[in-house]
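> Start from chain F and add chain S according to the hints.
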Amino acid sequence: GENVEQHPSTLSVQEGDSAVIKCTYSDSASNYFPWYKQELGKGPQLIIDIRSNVGEKKDQRIAVTLNKTAKHFSLHITETQPEDSAVYFCAASSWSYQLTFGKGTKLSVIP
Amino acid sequence: NAGVTQTPKFQVLKTGQSMTLQCAQDMNHNSMYWYRQDPGMGLRLIYYSASEGTTDKGEVPNGYNVSRLNKREFSLRLESAAPSQTSVYFCASSDEIGGGVWELFFGEGSRLTVL
Chain F
1 GENVEQHPST
11 LSVQEGDSAV
21 IKCTYSDSAS
31 NYFPWYKQEL
41 GKGPQLIIDI
51 RSNVGEKKDQ
61 RIAVTLNKTA
71 KHFSLHITET
81 QPEDSAVYFC
91 AASSWSYQLT
101 FGKGTKLSVI
111 P
Chain S
112 NAGVTQTPKF
122 QVLKTGQSMT
132 LQCAQDMNHN
142 SMYWYRQDPG
152 MGLRLIYYSA
162 SEGTTDKGEV
172 PNGYNVSRLN
182 KREFSLRLES
192 AAPSQTSVYF
202 CASSDEIGGG
212 VWELFFGEGS
222 RLTVL
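Protein sequence lines, in the order shown, are assigned to chains F and S.
Going by this note's numbering, the letters in the first sequence line up with residues 1 to 111, in that order.
Going by this note's numbering, the letters in the second sequence line up with residues 112 to 226, in that order.
Just chain F, with the same shape it has in the complex (with noise of 0.2 Å):
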């Protein structure tokens, strides 16, 4: 089955710095390549993903890469606010409502 693994666990920046989340996955036959935040007590919410046939997209302040070759896959987050301060999911799938999840990365934002 597949295999996502990301890193790093935890991370810390200041605010208006950028972040960078990494992931990389097992399956070559993986295809949706989604990112979730979760904010303290609540339940992980979608915040940006990608598809296998694209390379890049943003939304804002945040982006996504994707190289297939290498099999990884990143989030960036540009001008770190407090509020970006979460857990943050990476997770791949592969024509399949079932997702395979990262471990998580806690992003601590410091004012």
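Among the clues, some could well be false.
Computed list of lysine-lysine pairs in DSS-like fashion (alpha-carbon distance at most 27 Å, straight line) [said to hold, decoys possible]:
#1 103/F to 120/S
#2 57/F to 68/F
#3 42/F to 125/S
#4 37/F to 168/S
#5 42/F to 182/S
#6 37/F to 22/F
Residues from chain S shown here face chain F by an in silico Cβ test under 7 Å; the list is partial [said to hold, decoys possible]:
#7 154
#8 167
#9 171
#10 214
Keep in mind the hints are simulated off the structure, nothing from the lab.
Keep in mind it's a predicted model, so treat the numbers as computed, not measured.
Think of the CB as a built atom: it goes at the ideal place given N, C-alpha and C, for glycine as much as any other residue.
Same frame as chain F, now just chain S:
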């Protein structure tokens, strides 16, 4: 717009007790899931239901049972709770939004402590 609703939000059990976590969604989704979240372990799938009338085991099904009561409701039962089942449980639902893409919608979680 409630989305995915889980009850209870908090529960304390003694070892050996049983309980059921309830989940309901109002988005007319076909698929529903139960995950557990433990520190450093991410989200692990316990059971899922691809559609009404079907259920399948996920990554960590031991010690749990599920019931897909109807299209809206999916319950998770612990028959004899163990301390290892202390966790935060999340219910989720999804439907295909095109091109083999399924977006998950999560509830707010149920924090279970087994003493």
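> Are the hints correct? Go through all of them and say.
Quick rundown of the hints versus the structure:
Note on residue 103/F and residue 120/S: the hinted pairing holds, with a Cα-Cα distance of about 23 Å set against a maximum of 27 Å. Only pairs whose Cα atoms come within 27 Å are accepted, and residue 57/F paired with residue 68/F is accepted, the gap being roughly 14 Å. Proposed proximity of residue 42/F and residue 125/S is supported: the alpha carbons are some 26 Å apart, at most 27 Å. For the hint pairing residue 37/F with residue 168/S, the CA-to-CA distance comes to about 25 Å; that is within 27 Å, so the pair holds.
Under the criterion of a C-alpha separation no larger than 27 Å, the hint pairing residue 42/F with residue 182/S is consistent with the structure, at around 24 Å. This hinted pair checks out: residue 37/F and residue 22/F have alpha carbons roughly 14 Å apart, not beyond 27 Å. Against a cut-off of 7 Å between C-beta atoms, the interface hint on residue 154/S holds, since the closest Cβ of chain F lies about 4 Å away. Hint status for residue 167/S relative to chain F: violated, with the closest Cβ pair at about 9 Å, above 7 Å.
Because the beta carbon of residue 171/S sits about 13 Å from the nearest beta carbon in chain F, more than 7 Å, this interface hint is broken. Satisfaction of the interface hint for residue 214/S is found here, the shortest Cβ-Cβ separation to chain F being roughly 6 Å, below the 7 Å cut-off.
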